[in-house]
Structure formats: structure tokens, C-alpha cells
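**Student:** Protein sequence lines, in the order shown, are assigned to chains G and A. Each step along the first sequence adds one to the number in our numbering, with nothing skipped, and position 528 is 528. Count along the second sequence from 1, then add 1000; that gives the number in our numbering.
Be careful, since some hints might not be right.
[Said to hold, decoys possible] List time: in silico DSSO-like cross-link candidates among lysine-lysine, alpha-carbon distance up to 30 Å:
| id | chain 1 | residue 1 | chain 2 | residue 2 |
| --- | --- | --- | --- | --- |
| 1 | A | Lys-1122 | A | Lys-1143 |
| 2 | G | Lys-20 | A | Lys-1029 |
| 3 | A | Lys-1149 | G | Lys-20 |
| 4 | A | Lys-1053 | G | Lys-20 |
| 5 | A | Lys-1053 | A | Lys-1149 |
| 6 | G | Lys-72 | G | Lys-53 |
| 7 | A | Lys-1122 | G | Lys-20 |
| 8 | A | Lys-1053 | G | Lys-751 |
| 9 | A | Lys-1068 | G | Lys-20 |
| 10 | A | Lys-1068 | A | Lys-1010 |
| 11 | G | Lys-117 | A | Lys-1122 |
| 12 | A | Lys-1149 | G | Lys-11 |
| 13 | G | Lys-20 | A | Lys-1010 |
| 14 | A | Lys-1029 | G | Lys-11 |
| 15 | A | Lys-1010 | A | Lys-1151 |
| 16 | A | Lys-1149 | G | Lys-698 |
| 17 | G | Lys-72 | G | Lys-242 |
| 18 | G | Lys-543 | G | Lys-473 |
| 19 | G | Lys-20 | A | Lys-1151 |
| 20 | G | Lys-447 | G | Lys-759 |
| 21 | A | Lys-1029 | G | Lys-275 |
| 22 | G | Lys-473 | G | Lys-553 |
| 23 | A | Lys-1068 | G | Lys-698 |
| 24 | G | Lys-275 | A | Lys-1028 |
| 25 | A | Lys-1122 | G | Lys-698 |
| 26 | A | Lys-1122 | A | Lys-1053 |
| 27 | G | Lys-117 | G | Lys-447 |
| 28 | A | Lys-1068 | G | Lys-11 |
| 29 | G | Lys-551 | G | Lys-473 |
| 30 | A | Lys-1143 | G | Lys-11 |
| 31 | A | Lys-1143 | G | Lys-698 |
| 32 | G | Lys-473 | G | Lys-20 |
| 33 | A | Lys-1143 | G | Lys-20 |
| 34 | G | Lys-20 | G | Lys-275 |
| 35 | G | Lys-11 | A | Lys-1028 |
| 36 | G | Lys-11 | A | Lys-1122 |
| 37 | G | Lys-123 | G | Lys-72 |
| 38 | A | Lys-1122 | G | Lys-447 |
It is worth saying that the hints were derived from the structure and are not from the lab.
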Amino acid sequence: MREINRVVMKKDALQLMTGKPAYTEDLAPEGCLIVKALRSPHARAIVRHVDTKAALTVPGIECILTAEDVPKTRFTIAGQTYPELSPYDRLILDRQIRYVGDPVALVAGRDAACVDKAMRMIKVEYDIQEPLLDFRQAVDNPIVVHPEDDWNPRVPVGGDNRRNIIAQAEEDWGDVDTAFQKSDVVIDRIYHTKQVQQSMMETFRAYTYLDEFGRLVIVSSTQVPFHVRRIVATALEIPKSKIRVVKPRIGGGFGAKQTVVMECYPALITMRTGKRAYMAYTREEAMTVSSPRHEADVHVRLGASRDGIIQVISVESLWNGGAYGDHSPTTVTLSGHKSIPLYNRFSAFRFRYTAVYTNTIAAGAYRGYGATQGIFALESAVNELADRLHMDPGALRLQNIVQQGERMPAYFNETALSCNLGECLKRVQAMIGWEHVYPRHVLPDGKIRAAGLALAMQGSSISNVDVASATIKVNDDGFYTLSIGATDMGTGCDTILAQIAAECLNCSVDEIVTRGVDTDTSPYDSGSYASSTTYLTGMAVVKTCRSLIQKIKEKAALMLDCDDPSNLEFTGDAVTDPVSGRRVTRQDLGNAAMITNDIALEATETHYSPTSPPPYMAAAAVVDVDLETGHIDLVDYAAVVDCGTVINPALARVQTEGGLVQGIGMTLMENVQFDSLGRIQNNSFMQYRIPSRMDIGKIRVEFAPSYEPNGPFGAKSIGEIVINTPAPAIAEAVYQATGIRFTELPITAEKVYLGLKDKK
Amino acid sequence: MRIQYWLNGKMESDEILPGQMLYELLRKKGCYSVKCGCETTACGLCTVWLEEKPVLSCAVLAARIDRKHVMTLEGLQDEAQEFARYMGQEGSDQCGFCNPGFVMNVLAMARELDNPGEEEIKEYLAGNLCRCTGYISHMRALKRYLTEKGKGMRL
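Bound-form chain A, shown alone (with noise of 0.2 Å):
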């Protein structure tokens, strides 16, 4: 079947197979930040925005994306590098593989929550999972992040 999207900002068509996930499409697309980590939709790592809403590709079905907005980390890259610096600075990037679905999460949580407490930020960032770094660094990065944004955090 043929669909018709919207990948970064860019209109674009395509033949999928009905069976097909979004995040093999993904891939196929070239946006080379998304990545699998269990395939039981249980880490994060492969979290894309679908509307502006994060979704896990591996559980989207690549027909439901026909007619939509679908954004990867290739699509904000100056977001991106600005929250890596934070993340950088803490050490807390770490073997990287986790970053991009987590990056995807964190910038969607700063549009959506204003002046977030840490219980809160935990909650919406609880679907990534990190190996490497314990997650205590990453809170870290994100305070002074949200801080220096100007988006405020509740301490």
C-alpha cells in the first residue's frame, strides 16, 4: 500500500507492506537516530513524534502514519545539540545508544510541561531506559537544561 507523510517537514511517499512498523520505515528513510533496543516495546529507544505526541515506532503500524506529521531527531537538530551539551557536561551520554529516544522524549516534555518537578519529569521520561548511566546524571543535565531554558523546575 502507498502513503503519504510528512518525515521532518518533508512531504514524502511511499509502498509499505501492511505488516510494516514505522520504525523499520524509519530506518529504510535513512533516520539512522532511531533505534530498537528490545522489540517488546519496553525501552525508549526508538521513541519518534506522530503529531507532535511521542510514540514508540516499533509499535506503530507504518499505515497509521499516511496523511501525518512524523518527526525523528534528524528533524531537530539544533534542539538536539542544545540539550547534548547539558548532557555532555554531566558525562551522561554515555555509550549514546539510549540518547536520541530519550532526546525525543525530553524535548516533547519540555513543550508540554511548564516548571515540572522531578517527580514529574521522572514519570514522563519513566519509559527510557539507560544501561550506562543510572539516570541520576541525566537529572542533573535536565535541571540546569529547564532552568536555563527559562521552562523553570520545580526543585
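For reference, chain G alone in the conformation it holds in the complex (with noise of 0.2 Å):
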């Protein structure tokens, strides 16, 4: 364990941080053609007729695209394994609009001063029709979203487009009816969670181009450039070994470039034209017309005896997809998957979900995906028993946590392999000194100062499903070139899979040069998501550095005349023979496989994990409240984690501040609010208010491993469970200070002012 839980900088720290050209606009070659979007105002409407005669005389204009120009086979952008689980919706220009901000439109000119004149000049005749914007409202609305004939859900997914139904089942285990029939307590109550936003600071952008073969070539601010292969030609009509995708430097993702938001319009463009073209998202369009959280209805109802044990769980959840069906039949399993299985005394669990189309913009994947809702609800819930049953909050958890080495009927039979999530609540207790926190008291000023708790968990990589694999080759004189799939979007994946690779191959980090992603080049990933890339690209590193030391063996065997290449020692340095003390350095190896030479000194692996293993977490969060404004003050905030082993300590702590300051944008700032058209009302950093370094008060993190024996070396993942405790702990501090009880994010002052007046 050299290389392993080690601090080690970022490979790519110095050139970024010092701002160097690595993004993909820094990359886009003069000349390309500025390609925009012109979008309805409208949230439901056909369009009738668009006129671009005018338009097209502006100077400077090369192609303008409407509904008739574009292929007519039906798609989801959803950056998902094949066969994708989310219907195939969508057209790329639809003469029906959907909601506000679908295109209508593609214009592509010189510049951008261009552009804008020839979309101001472009008259469009709308047929406006009522749209559907409320999703509780949406099944078997007399408005339907997808009439089309030749909408196609590509796996059976309980979706009905005639019903707006996008996907729909349910699962019993137990007798769920008896259990809360012989409860003695039951809470029920229906949590609300809003569309937000990602707010990577690198909106979406991709350039395009035709390369010397006449392939295109698509440069893109991607989590998933295998996914925008395949989604560009299936949407183009051209065939994937005609396009080549490429991953620079990504400002950040979070699930949002899991969505293949943009790509296919200037990919278009460039196959109309020939010519080069480039598209970036303005941070009104990443707000308005991107791939946000689906805003959720979850309904939890809890049944306990009166000791506390929690004997049986429900969760139904109403999920939001709006326009198109991107991500909505997997985000709104995990809100059951990814909360229920935390605990595992019951003798019952109901899950049941449906998701729904609506005239509001698409949802897509945002870190948590549908588990930090669900865990929302859950955990509330929770929280609401221990304070009917005079419990405390943590004592009650302790009785009704998963074990290690517990079957967990809620989570697809799997065994907790590695589970800590007992150490990690009884050290957040201790860390935030609980018992002088909760539930309250009074400070000097007349501030209420509470505490609240909440426990998550996540997956690992998806199991049976996701594909990582590795490419590993020795160079001259010895050195590595580590080829990933996985795309580095300021995780720092290009440096833990490299500090996995030198503790396997037993030499130093800057002796493994790390290429991201080429699909012409780089071995089949699925991408970076669902927390993914430690547990599973990390493990096709370690199976492909295992086959490489044979082949190095299997060289150096031919080197030392030794007839068993499996009787040599791979030190790391060199391979030496035990037998006659002869040795060949992996300096001489590297040269020697460049000359005479039938051995290629390669190896890639491929790995797939039948377990997706959870990492566990408990946070405690403590508010100061102002009862005459309603103001809350997050004052501190404390979280101890179990992602198995830690591979890089740095890394995994600034994932943990920086999910856990998300999650607190959630609970308390972060608001989506539509006018009665079904507009965005906040569409800028302006309106829309992430976090800033102003409003985060003390968060102290802390590690409490397991060790996971499918993952490299114990790791399990850390992306995405961070960011889902914020939500129920704050909630609960704040019930604690004010007696309320919010059931809908975010929590703003004006909320608890006007709950606090209703309540008198």
C-alpha cells in the first residue's frame, strides 16, 4: 500500500490551474461556424410554418435547419447503456413543441452577431395549444404529451405515451398490509423536491468536424462519449464507424453531461455543410432547456412498533419527467433501491413509482439520481418517528440499520459485503457533540439553535449492466501509458486510476501517463456515472495490470533463458530469476520489446460487477434559526463517510465538501419556480442562487472505511452518496428549532417566516 490512500496531486492540477488551454472551447479551431438554437416561447404548441427567406439573406449565414431538414428517427439522449431504458422520444427539430425552449430552429453562421440577426429575422407561425403542467395532474390527462404513433420505449418499462405514463411498476416483499396493520406507529407523509440544477461551471459544448476520412468528429464536454456515439448516429442516420468523439478537460458535470444535451445540432450542421461547427450552451439555456433533477412527489409511510423497530416500509414516488423521458425509468427506481435498503429489521417493503411526461423541461441525471429524493423522504420520515416515539434520532437508527454481512431484500438480494454505517453515526454524533446540540436550545440573541440527522446510501458502478475497462502498455525505456473509457470531469479519475495502476505494477504515479477519452483509441467504458469509476474502471485497472506483469514475465523470460516465465518475480523495477539470480530491469524491457520483438508489452481487461455495493454515510447538520425572520444559519455540519478504502484522502474529502455543499444549495437556496405559461423563472446565477463561499459555515468530513472485496483494493464509490444527506438533516434541525415541518424544498426564510405566522 504505497500509492493506495495517499494524498497525491491531480495530474492535471498545475496546467489547470494555472489556465491553460484544456476545455473544449480553449480547443476549437478558428473559423468554426457558430451554431444556436432558435426556442418557443411556447410550451405546447405545432409549429405551422417557420419562414427563413429572410434569415438567409443576412451576410454570414450558411444553414438554417428546421423540422423538415432533420431525420425522422425517434431517439433519447439519455447517456445510457445499450439497450436504453428511456423511451425513444424524441426527433431532433419536432413540428410539435413540447415545452418552452424545445427548438424550433437550427441556425448556423460566420459569427455570432450573425446568428442572433438571422434568428431575430425568422418568423414562426405557431398553433398554441394548453399545456400540461402539473405532474400530478399528468396520468390520463386529456392532454397528451407523446401522441406520436412512433414513440418507442426500447425495453418494457410499464411506460403508456397515450397516459403520459413514461414508466411505471411496483414491488412487494412481505405482507406489507399486515405489517402496518400490527405497527404501532405509522408516519405517512409526501415529500416535494424541485427540478435543479447541475450548475457545472462549464455549460454544455461540443464542436464538430469532418476529419481526412470524411468521418465526423465530435469534440464535447462529455461524461459519456461512447453514449454520444452511438446516441449522434442513431439521431443522424449515419453509421457509428463514421464518428469518432473526443473527451478535452470538462468544467464539471454532475450528471448533466450524462445527457447528451447538444451534440447532435452541431453534429448536424456539420454533415449539412462540411464545415466545422461549434455550440455552447448559454448559462440561461444550460438553466432552461438542459437535463436537471426530476422534480418528485415521494410518499413515504413508515410502520414501528412502539420500541422503535421499524417493521415496514413504503415508498411511492411520482417522478416528474417533464417533456421527454431521459433518465426517468432509472432515476425514479433508485429513490426506493438507493433509501429503503438502509434499513433491514422489517418484515415488509412496498416500492412503487411512476413517472410522467409534462409540457416542463426534461429531467435527466444529477449526482444522487432519484436516490437523493428518495433519501430525502425517507430519512424525514425517520426522523419524524424517533421525535413521535420520544426517541433519539440516532438510537433508533442503530436498531434498524443494515449489518455487514446482512441480506438485504430491498437492494436485489445483495449481501452488505462491506457495510460501516453504525461507526459512521455513532462518530457524526460524537463529532458534532450531539448531546449539547439536540434537539435545541435558546442562545443568548434569541436564535434557536437545533440539530437534525440523516443517513445515505448509493451504489457502486450498476451492476450486471456497466462495462469499464483498461488499456495499460509498457514504453520506451519502462514507462506506462494507462488508456481509460472513463472520463475525468475534475473527479480526478485520470489520477486515482493511475495511483491504482502503480500500486499494482509497484512504481511511481509519474511513471503512468493516463489518456482519457478517444473512441477511436480508448477502450469501451459506459462512462462516468453512476458512481462507477473507482469501484469498476479501478478494477478493470487491476485485472489489466495483472495480465501485463505475465506478459512482462513472459518477454523477460526470453531475456533470462528461463523456460517458466511463472517461476520469475516481477519487482516492479525489474523481473529477476530466483533460480539464477539474473535480472532484467523494466527500463531494458521497454526497449528490448521495440526491437527483434513478437511480444506485445499491452494488456487490456474488461470488467463487469454483478454487485453494486453500497457506500454508507450519516452527516448531522446544526442551524441556527431566527424566529422573527425566519433566517436559517447553517453553523455546522458533520459527516462521516464508509466508501470502503480511500484511495486518494484529498480527493475523496474535497467530493465530500463539495456534494455536500450541493445538497445543501438544495435544501436552502436552490428553487425552480415556474410562471402559469410554464416559463423558468430562474434562469441565471442571478435568480437561480448557488451556494456561495458566503453561505457555508463549518463542514468537517471524516472517513470510517470498510473494505469492499469486489472493489480495487476495498474501494466502493463516493461521487454521488454525498450529496444526499443534506436535505433530511437540515430539514429536521429546522423542524427542531421551529416546530415545523417542511415537507417540500428548498427551506428559504420566507417559508419558515410564513409557517412560523400561520402557526400562531
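With the hints as a guide, bring both chains together as one complex.
**Tutor:** This is the structure in C-alpha cells:
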């Protein structure tokens, strides 16, 4: 363990910090056509006619495309493994407008000024229709969002476009109704979360060109290069072999870039004009026509005995997919599958869900991927249960949580092979000084200080679906290159995976060059999402190193006149023969491989996981609430995470802190509001406030590692779980301070003030 | 219209449009450290120095820099590199997209404030948004940087 559990600076840190050109826009060549989309101001309409005649006369305009000009094959932009679970329900441009911002025309020209001018000169005739804006009214509404006959669910997930249903299912285990009847206490509430935005600092962007072989090259800020290739091929009706996708540095993703939000647009312009094209979303577009978290109503019923044993859990989720079904069938399942298994004493559980279409922005993938909404609901209900039973919420949880070694009926019957959740819980209560802050006390200035608690889980990759690969080769002088298909989006996976390789190959991280994604040359990887990179691609790296060491020994055996390579020892720097005492250095091996050689010193291995081991965490929040104004100050937040073995403590810590602050933003500040016509009001960083450094108090993070036998060196995931605790922990603290249970996010000063006024 | 100005210490002369923003001009001049994150002067990514004071280049007309000195991160590579090591050790560089604007403001702060307290630092840097890190690691890096640089920091 030289490179594992060690702080290593990200390989790209100094270049990025000093502002070197590394991102899509920095690399886009001069002379790209600028592409923009003309968008519908109406939430539901039929495009009767688009008059582009005048616009086409604007000097510099090269191409204007409308619905008539685009391929007619429906597709999904959700970046998921084949066969995709999201319905094929989109066209690049469609005459049926389904939400405010749906594109009507694509305009490409010499510069932004001429494109803007041309867009103002396009005349669109709309047949405006009444929109369906309330997701609670969607099922069987007379307004049908997707009336088309070619609506195409690739995999049956219970959807029915005539009923506005994207996906629907139910799952019962044990005798749910009897368990509720036998329960002494039942908590029954509906929790509402909104369509919060990932708000990565770099918006969606891509440039496209035809290369010297006439193939379409897409350089895109994406988490899923291989899915971009498949999706663009489907949408543009061109063979996948004609497309190459390259991922430069990414300015943040958080799941937003697991959806192929805009790559089809410049790609189509390049195919039609033969010219280079560049498209970058404005922040307003990134806020209004992107792929935010799904709005949800999560109805939780908890049944418990008087002594605080949770007997039965029911979770029923209603999911607002918006105008298109991207990621709906999958995110919604996490609201139950990655909340209920936190507990494991119950005799029965129920999980039902429905994801629906409405005429609002289509939701997508956002860190936490549905678990966030489910955990806010379930953990809030557990806090209420503790309160009802006059029990400490930590003590109540300790007697109900899943323990290492237990089978989890609510988690596909997987066994929790690595679980240190009890330790996380005990440690976090000690860190925050629980007995001093819970439930509440009055401060000298009259504010109320109070505390709340929450647990969380996630998965590590999608079991039996995700595939990760790594290629490692030995070069001159014996340095290694590690090719991966996973995408570093700031998370540091280029470095973390090099640490894993260095550990296996017994060398320093600097001797491993990591090369990120080019679909022509990188080994296949589903992409960086579903908390899969360290766990899954990490394991692919471990397997690849094993195979490579075999090859190195084979080559060394020839050089050392040894008959059986398995007798040799690879020490990292050299291969030695314990019998003869002879050795050959890695440097000599690398160079020998380049003359008179027939053994490729290169290995590729691929990996999938039949399980998705959950990381676990516990967190506690302390708030000061001003009962006069409703203002909430988050003064202290402590979190203890079990992500298995921590590969890079600095990067794991910053992932945690960053995820917590995103979760805090979702809980206290970030609000998406629609007007009566379905237009988003919070369409910039002025109206949609994400946390600044002034909004953040004390945040402390510790690790309580377990050891996951299926992960690389015992590692599980960390990227997503860390966003899940703030909402339930803070909501509980605010309840303890005010006596008001907030079941809708965000919990703003205004809501607290009005709530307190109502209470009086 | 034609303007003359100093960019990272070098005299430049350019023909600009009257409505052109400094941000656009700087990208055209190859200063790729200067990023745009919001278009509403809310994120701090496009921070550069005008006459040694940090400004948002998306909110300054290029015409305003006539006969003035503009500094971007391209002109402060050694100092940026020095601070970057502290950030890198904390893992707080993350996606890197907000960093150049943030570093411009940090370097301005290091010149302007002596022995600043934590709240003072937060206030100075409040306009620099970051979505990856949650800011806590920034403060850890800043404390070590300012202390070891001899600028001091009130704890």
C-alpha cells in the first residue's frame, strides 16, 4: 500500500490552475460556424410554418434547419448502456413543441452576431395548445404530451405514451398491509423536491468537423463519449463507424453531461455543410433547456413498533420526467432501491413508482440520481418517527440499520459485504457534540440552535450492466501509458486510476501516463456516472495490471533464458529469476520490446460487477434559526463516510465537501419556479442562487472505511452519495428549531417566516 | 475604433467594436485562462486585473482599457503556479474551470490585504463561485499559502 490511501496531486492540477487551454472552447479551431437554436416561447404548440427566407439573406449565414430538414428516427439523449431504458421519444427538431425552449430551428453562421440577427428574422407560426404543467395531473390527462405513433420504448418499463406514463412498476416484499396493521406507530407523508440544476461551471458545449477520412469528429464536454457516438449515430442516421468522439477536460458534470444535451446540433450542421461547427449553451440555456434533477413527490409510510423497530416501509414515487423521458425509468427506481435498504429489520416493504410526461423541461441525471429524492423523504420520515416515539434519532437508527454480512431484500437480495454505517453514525454524533445540540436550545441572541441527523447510501456502478476497461502498455525506457474510457470531469479519476495502476505495478504515479477518452482508441467504458469510476474502472485497471505483468514476465523469460515465466518475480523496477539470480530491468524490457520482438507489452481487460456495493454515510446538521425573520444559518455540518478504502484522501474529502454543499444549496437556496405559462423564472445565477463561500459555515468530514472485497483494494464509490444527507438532516434541524415539518425543498427564510406566522 | 493598451506587460493595439466586451477581446487575444460561466456578472470566472484591480471582464467594455494595463493569468504564471501547488495538495482544483478567475482574485487579495482573517478572505473572494469543491478546501489551501508566504493570516 504505497500509492493507495495517499494524497497525490491531480495530474492536471497545475495546468488547469494556471489557466492553460484544455477545455472544449479553448481547443475549438478558428473558423467554426457558430450554431444556435431558435427556441419556442410556448410550452405546447404545433409549428405550422417557419419562414427563413429573410434570415437566409443575412451576410454570413450558412445554414438554417427546421423540422422538415432533420432525420425522422426517434432517439433518446440519455447516456445509458444499450439497450437504453429511456424511451426513444425525441427528434432533433420536431413540429410538436413540448416545453418552453424546445428548438424550432438551428441557425449556423460565420459569427454570433450574424446568427443572432438571423434568429430575430425567422418568422414562426405556432398553433398554440394548452400545456400540461402539473405533474400530479399527468396520468390519463386529456392533454397527451407524446401523441405520436412512433413513440418507441426500447425496453418495456411500464410506460404508455397515451396515458403520459414514461415508466411504472410496483414491488412488494412480505405482507405489507398486515405489517402496517400490526404497527404501533405509522408515519405517513409526501415529500416534494424540485427540478434543481447541476450548475457545473462550464455549460454544455461541443465542436464538430469532418476529418481527413470524411468521418465526423465530435469534441465534446461529455461524461459519456461512447454513448455520444451511439446516440448521434442514431439521431443522424449515420453508421457508428463514421463517428469519433473526443473528450477534452470537462468543466464539471454532476450528471448533466451524462445526457447528450446538444451534440446532435453542431454534428448535423457539420454533416450538412461539411464545415466545422461550434455550439456552446448560454447559462440561461443551461438553466432552462438542459437536464436537471427530476421533480418528485415521494410518499413515505413507515410502520414501527413502540420500541422503535421499523416493521414496514412503503415508498411511492411520482416523478416529473418533463417533456422527454431521459433517465426517468432509471432515476425513479433509485428513490426506493437506494433508500429503503438503509434499514433491514422490517418484515415487509413496498416500492411503487410512476414517471410521467408534462410540458416542462425534461429532467435527467444529477448526482444522487433519484436516491437523493428518496433519501430526503425516507430519512425525514425516520426523523419524525424518532420524534413521535420520543427516541433519539441516532439510537432509533442504530437498532434498525443494515449490518455488514446481512442480505438486503430491498436491494436485489445482495449481501452487504462491506458496511460500517453504525460506526459512521456513532462517530458523527460524537463529532457534532450531539448531546449538546440536540434537540434545541435558545441562544443569548434569541435565535434557536437545533440539530438534525440523516443517513445515506448509493451504489457503486450499475450491477450486471456497466462495463469498464483499461489498456496499459509498456513504452521505451519502461514508462506506462494507461488508456481509459472513463471520463475525468474534475473528479480526478485520471489520477486515481493511475494510483491503482502504480500500486499494482509497484511504480510511482508519475511513471503512469493517463490518456482520457477518444472513442477511436480508448477501450470501451460506459462512462463516468452511476458512481462507477473508482469501483468499476479501478477493478478493470487491477485486472489489466495482472495480465500485463504476465506479458512482462513472458518477455523477460526470453531475455533471461528461463523456461517458465511463472517462476520469475516482477518487482516493479525489474524482473528477476530467483534460480539463476539474473535480472532484467523494466527499462531494458521496454526498449527490448522495440527491436526484434513478437510479444506486445500491452494488455486490455474489461470488467463488470454482478453487485453494486453501497457506500454509506451519516451526517448531522446544526442550524441557528431566527424566529423573527425565518433566517436559517447552517453553523455546523459533520459527515462520516464509508466509501470502503479511500484511494486518495484529499480528492475523496473534496468530493464529499463539494457534494455536501450542493446538497445544502438544494435544501436551502436553489429553487426552480415556473410561471403560469410554463416558463422557468430562475434562469440565471442571479435568480437561481447556488451557494457562495459566504453561505457555508463549518463543514467537517471524516472517513470510517469498510473493506469491499469486490472493489479495487477494498474501494467503493463516493461521488454521488455525498449529496444525499443535507436535505433530511437540515429539514430535521429546522423542525427541531421551529416545530414546523418542511416537506418541500428548498426551505427558505420566507417559508419559515410564513410557517411560523401560520402557526401563531 | 482603435485602442492601445498593455496586455500582460506588452503594448498592444487593436481595432475593436464599440460594444465589444473585454472578455471577448481577451479570448481573441489567446488569453484562454479567461472563462465565461454566467453572462450575468455573477460567477467571477472572467476576473482579470485592470490597473491592478480585479474586474469582471464580461462587464467591462473593451473601449475602457484604452491606455490602461490589463493583466490575465497568462501574465502571472509563476505566482499562479506557486498558489496552484497549495490548491493541488488539497485536491481543491477539481474541474479547474473556475480556478483562473479565482486565482486572479486570490493574487490580488494577497497584494491588498495584510494578515487577513477568515471572514475577510471569504468576503474578498465571495464573487468567485465554485460548484465542485464546496469552498472548504480553498480555505485550507489559502491558510497554508498565506502563512508560508509570510503574508500571515489571523486565525
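**Student:** Broken hints, numbered, in rising order?
**Tutor:** 8, 11, 23, 27, 28
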